[in-house]
Each structure stands twice: as C-alpha cells, then as structure tokens.
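Here is what each chain is made of, one letter per residue.
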Amino acid sequence: MNPLLYIITFDFKESKRSSLWHRKLIVNLFLIFTFLYLAVNLLLLGVFLDDILIKVPFEDIDYNTYGTSFVLRRLNQFLLYYFFIDFIIRYFMQKLPAMAVQPYLHLPIKRSSLVHFMLVKSIWSPFNLLHFLIFIPFMVELFENLTFSESLGWSIGFTSIVFASNYFLLLLKRTSDIDTRVYIGLLVSLVSIIALDWFDLVDFLALSGWLFNSLFLHPLSALIPVVLIAAAYLANFNYLKGNMYLSKLSKDKKTAVTYTGKGILSRFGLVGRLTELEFKFIWRNKRPRSVLMITLLFLGYGLLVFPNPEYEGNYLMYVLFSIIITGMFMLNYGQYLLGWEGSHFDHVLTRNVSFKEYYMSKFLLFAIVSGASMILSIPYAYFGWEVLIVLFCVFLFNIGFSIHLVMFFGSMNPKKIDLSQSTVFNWQGVGAAQFLMMIPVLVLPMAIFGLGSLIWGSLGGVILLGAIGLLALAGTNYWIALLAKWLTNQRYSISNDFRNQ
Amino acid sequence: MEISIQNLTKTYGEYTAVNIPELTIHSGESFGLVGNNGAGKTTMFRAALDLLESNTGCVYIDGQATNNSEHWKSFTGSYLDENFLVGHLLPEEYFDFVGAIHGIGDADVKAKLEILEPLFNDEILGGKKLIRDLSKGNQKKVGIAAALLFDPKVLILDEPFANLDPSTQIRLKELLKMLKHDRGVTMLISSHDINHVTEVCERIVLLEKGNIVKDLHTSSATLKELEHYFAGEPNAQGL
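Those sequence lines, one after another, are chains E and X.
FYI, in the working numbering the residues of the first sequence are 74 to 574.
FYI, in the working numbering the residues of the second sequence are 459 to 697.
Chain E extracted, bound-state conformation (with noise of 0.2 Å):
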C-alpha cells in the first residue's frame, strides 16, 4: 500500500479517535444542534437568496433591462466585499494545517507528497465548504434560469474563487505567521474601500459586478480564477517544499521572558503570591490571555443596553448586563478553575500550600479582575446614576455568591487545557457542568432582583442583590474551606483524571 494512504487512514482515525467524542453525550448533543441549526440557516439563506436580492433596495440596475440575469447581476455587485470579509475572517480564524505531516517526515515517504496531502486537506475546512451551504442552491437555481453555459461559467469561477481564497490565505499565513500588522492591514483596506466606495471616490460595487458579470457573460473567463487556484497552490508548494522542517512548523514558538521577581501582590503572603504567579500564567499563554481580552471586550457590552433608549428603566436588563460585564472573567476562566494547572497538578498537590489558600489565591484572582471591570465601567454612570447602583450591587453579589458557585462547578471538570490554542472556537474542555454553572449565575441573580423588585421596587430589587452578595461576602472564609474540603475528598481521581489526559 502506498504509505500516503496510511497516512490517510490514520488522519480518519485521528478524528474518530478525537477526545471530542469522549464529551458528555449532552455536550455533543448542544453542539450538533447548534451546527445544524446554522446548517440550515445557511442553506435557507441559500434557496431564499434570489428573492432577498430582488428585495435589496438598490436602484442600480433596471430589472427590466436585464430579466433572467438580473438577481446573479446584483449578487455580483456585491461578491467583491463577500470575498474580501471572508479572508478576513479566514486570516482570524482558520487553521494550518501544518502538524499532521510532523511524525512522517523522517520516513522514506517523499516529500513532496506530504505537500500535496497537507494542501489538499486544507480544502476539507468549514471556511471553504460553509459558503457552498449558501450558494449550491443558488446554484442551482442559476442553471434553470440561465443557459448552460453561463451557469456553468459562473459556478466554476465562483467555486474556483472560493479555494483560491484558501490557499492565497494559507501562503498569506505562513509567511507571514499571525503577525497583528497584517490583520490591522486588512482591516484598514477593508475600511478604506468602503469609504472610497461611500464617497464615490471608487465605484467597487460596478467594478465586482464588471468582474463577476464577465464569468457568465464570457464563460471562458471563468478559466482565469482556475488559474489562479493553480498558481496559489504552486506557491504553496513550493514555500513549503523548501520550509517543512520541524523547526519551521513547530507551533509552540517558544516565548523569551525576563525574570521581574515578586511584584506587588506578594505583600498579601502566600495567596497573593499565588494569585501574581495566576496572573503571569494568563499572560503568557494564549488561550487565557485571549479570555482577559474577550473580557475587556464586552465591557464595551453596556453600551448596547444602558443608552438604549429601548432599555430606559429596564432594571432587569441592567442586571443581567451588569452581571456580564463584572462576572465575564469569572465564568469564562473560572469553568477550567483546575484544568488550566492540568499539567502541574501534582506540584499542586504536593506543594506545602492548603487548599484553603489553594482556593483563596483563586478567590482573590477573580475579585481583582472584577473590581477593576467594575471601576473600569463606571463611566457607564454617564447614563444615569442608577446604573451605577446596579453595576455596583451585582459586583457585590458577584463577588460575594456567584464567584463560588463558579469555583466549585470549575472544579468538576477535571479536563486539561491545550494552553498555546485561542479560544475561538475553541471547544476542548467544555462539558457539562459549564452549561450547568450558566443557569444559577445568571439566573439566580435575575430572580432574587425580580422578587426584590416585586416588593421594594426596582431599586430596592437591586439593593437586596448587593445586601445578600455583601453577607455571602462576609462568609467568604466559609465557603472557601468547603471547596478545600470538597477538593481534600476529589484530589486522587483529579489527579488520576489528569495525569491520564
């Protein structure tokens, strides 16, 4: 047998054998709805476009002039853009795939058909099949209304586009590896093509349509596209042909660090310590320091509710926002409480440190980082001063009652984390218990507010909230040694959990 049909196979086993399918069923089960629920939406999207096209309103062209052609004419004006968003969002989040081929490099397997497997399996990506979700119906509508051949023309240079787009992006990212310079060039671009378009400076949308109209109108040129599919995956080839080393596809780019010593928070002793060492653990590895982003980002949250005048005295909404916006850290990190020190559990065990300060270190972390969002979205006070109130009493809750709930429920889930992947679309480690931990922190809050509400007011809803989260704060010691001893009666099978991951 060929050995590249080994490696074939070995790739199917790879996905079959995926710790993805050893989830809880209720897991996967969520997961599969919601991807299938976005199927069908793509494909609805899809048999429905021509009827969304005709709806745009756009005075452009004259459906009269133009008849049958008319909806693949406006689609057209548009693909440019399409195309141009898609490779940016691809540049953001589609992968190499680059560490398949590593164990085969040192067998007499040649090169060259380890080249030809990595590109070609960067076609089975959903960036490149999802948008065929949207346009096979299209598709096939375009081949009842237009002759053969245009159709034909059409849908080649359209389906050529696509994987052209993949392997342009693959070279873009190889060469360039997630340089931040490159996504803010992008985006630039993006931003000033609209404009030139806005100001009339540049008519891109008649300049896509020119383009896109020529590949029905002379189907023959549908074979430039085609082309430039060959030449990409020609680059491609030939960068990685004379680039596959170990080194060059290694993925863990090692970090060089400067030793800065104790900082600040070792004055509060051991925990605090604990919790500096915490913080420099989230700065140096991807996956959390892109959740302390996604943090920062959705602060900006509020703004889409506390100047809605829609909103306007919804306290309920205020709540529930306020909730996100002070305890997004804490859920998000807090559901891998243990599994982000999966590779050093033993050392945690075995350390001369209590669980009780174990936990405390975890405790003071979380607080930290919601005190300053707290402090940090009290400009949102710019909106009224009741805000400010609410903001203030869910923190309070927060860190008083919700933060343990989050500790205790992020310490069922003894799952490893892959530390140097980002978070987007990042489902290794999800079971679950972090569905479970969403209800009473979201919920619990709401419905001690709406029963506050019910008898003091809003207001006096929202001040219940910070009264019970200031008592439950009061009693942080308590809670933190039923988590120690929580933690004392599960440390064999978390560990052994662990160390088999």
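Just so you know, the hints here were simulated from the structure itself, not pulled from any lab data.
Note that the Cβ used here is the ideal one computed from N, Cα and C, for glycine as well.
There may be inaccurate statements among the hints.
Selected chain E positions facing chain X (in silico; Cβ < 8 Å) [claimed, not checked]: (1) Arg184; (2) Thr331; (3) Tyr332; (4) Lys353; (5) Thr423; (6) Val426; (7) Lys429; (8) Tyr565; (9) Ser568.
For chain E, the structure is supplied; the task is to place chain X on it using the hints.
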C-alpha cells in the same frame, strides 16, 4: 525522619501495581528502589506523596499518614515527573515561589541556588526560557533543585539520573551523598541505572510486579547480584 509503609496495596482491576505488607526506611537512610518497567516504583512513590488512593494501607512519614495529614509537605522534597513543574514560569520564578511556600525569602533562595549551581551547568539560571521550553534534562534539573531548595529532611526522587548529562549525573551523586552524610536526609530514590543506585544508596530494594523480591544492604557484591537478576529474567522467557 522515618518513612514507613504499612500494608500498602494498589490494584487496577485484576492487576496489582503495588503490594507491600511492611517496609520501613529509617531516618537518615539512603534507600534505592530498582525494578523493570511496571514493577510499581512510581505507583509506590505516588502513594507515598498522596497522589493516588491506595486500596489498603498507607505511607507514614515521621509517624503521620501522608493521606490524612499535610505535616509531611513542609519537609519533604519530591520530584517524580514534569507534572511537578509549573511550565509557564521561569526557573527563577519557580524557585522563588517554592522558597516562598517554605518561608524562605528571595535573597536566601539566591544563596541556595548558588550552592546548587554545579547541577545547572550554567544552563538554567539567567536564561529567558520558560520551564516548559527547556529540554527534558534541564527540566529535571529544575525539578530536583526545587526539591532540594528548602533543605528537606525527606527526599523522594523518581529516576533522578535519567535524561541528565554525564557531568550532572556525577555531580548529583556527589550532592546526594553529601546530603546523606552531612545532613542526615532520608532518601527514597528509584533508578533504572543500577550502577548509580548502588553507588548512592546504602540499601536497595528490588520490586517485581509490585512485590518486594530483594532487600539488600549495599556491599561490593550488590551490583553483581542486581546485574544477575536483571540479565537472568528475560533469558528464562527465551529472549
């Protein structure tokens, strides 16, 4: 500090990983554990460090069972594998932290590290590499140094010589001998290298499938005896 194992068994289904009715390692003794893969060395160490739940019995350090007291943690230095290292820290940061846990200030940690410097061979300190980016051998040096940092009275090391470069192996042996003679540290060390272990340890126990099959006081004949055991067994199976 005495380590005493009482009636310790650990089974995985049908398979018995460790079965030690009674074993006492006396205070100040340097104790070596040898055996082929799967003999139960690491399992025994994990049980001693309260990292896994035994089916019966437990391990006592200084008279207290390790599975319901944390007393032992303050004076027991241990390193089994990379799970003991905090990968995202620089070696210095990790040492500072281990020092802080034991109430040793950063300045004293520096002084301690100077004593341990021969182990490092100029490769660990002052670098910019995180522990997880170090080679296996250098990671092991960090782990062993962290276990020695706070002058432990009990030292538990799994395969300390594996992956180390020859210079460090020799220096580590000298260091371990010094710790035994000058400080009276009780040592529990496993190794696949019977040369090293006979050189360092005054008592050697041989495990096979979880059971103690030999308990030797190291003498000039010990190495031969061990070699005979390890060479002989596979032949019996026709290899």
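* Asked: Going through the earlier hints one by one, which of them does the structure break, listed in rising order?
  -> 1, 7
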